[in-house]
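J.: In the numbering used here, the protein residues as written are 32 to 207.
Please keep in mind that the hints were generated in silico from the structure rather than gathered at the bench. If a hint is listed, it holds; no wrong ones were tucked in.
Label-pair distances were calculated between CB atoms; the ranges are:
{"id": "1", "residue 1": "GLY121", "residue 2": "ASP42", "range": "32 to 42 angstroms"}
{"id": "2", "residue 1": "VAL157", "residue 2": "GLU106", "range": "13 to 23 angstroms"}
{"id": "3", "residue 1": "LEU179", "residue 2": "SER139", "range": "19 to 29 angstroms"}
{"id": "4", "residue 1": "LEU179", "residue 2": "LEU129", "range": "18 to 28 angstroms"}
{"id": "5", "residue 1": "SER187", "residue 2": "GLY49", "range": "33 to 43 angstroms"}
{"id": "6", "residue 1": "GLY76", "residue 2": "VAL48", "range": "37 to 47 angstroms"}
{"id": "7", "residue 1": "ARG137", "residue 2": "VAL157", "range": "27 to 37 angstroms"}
{"id": "8", "residue 1": "ARG46", "residue 2": "ALA180", "range": "31 to 41 angstroms"}
All of these numbers come straight from a predicted model, not from anything done at the bench. Every residue gets a Cβ at the ideal spot worked out from N, C-alpha and C, and that includes glycine.
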Amino acid sequence: MSPPEQVVLLDDDGRPVGVADKATVHGPTTPLHLAFSCYGFDPAGRLLVTRRARGKRTFPGVLTNTCCGHPAPGEPLEEAVQRRLDDELGLAVTGLRLVLPDFSYRASAGGIEENERCPVFVGTVVGEPRPRPDEVDSYEWWTWDRFLAAADDATSELSPWARLQAPLLDAELRVA
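Build the full structure now, drawing on both the sequences and the hints.
T.: Quick look at the structure:
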């Protein structure tokens, strides 16, 4: 049996102050902790959009960016992104780069709060997704414009963090 997954707790300035069991940290009031988001594009520039598994404790069944997760204590963020892409979707990534290093958000649904410092990465995914059903219900390849439109549409099923990240990410991608 593997040990429980740990998340890195942060102070208000984003400095590590401890660790907590991931299974117990998310609740009605969640302490600030370190996470990440990844936006994986195919070589044609389409974004891999995933639907979170309906059995997930936080934001089940919502559409979102390619992959999200938490680095283990001491694990470099880039390695955590690569690990989660492989674990959730069976994918590798090339050209991984940090685009929004200071992104943070707070959001609640179903009595569970997310409170994360969540650096945002982009990269090119390699291969065809093989999603784990306990992580991802389904996936689609979207144009970036379709994703931006969903982020701007209050009635879409897009996750709250993806809605907040999309315009910030768009501004960065247009400069790059």
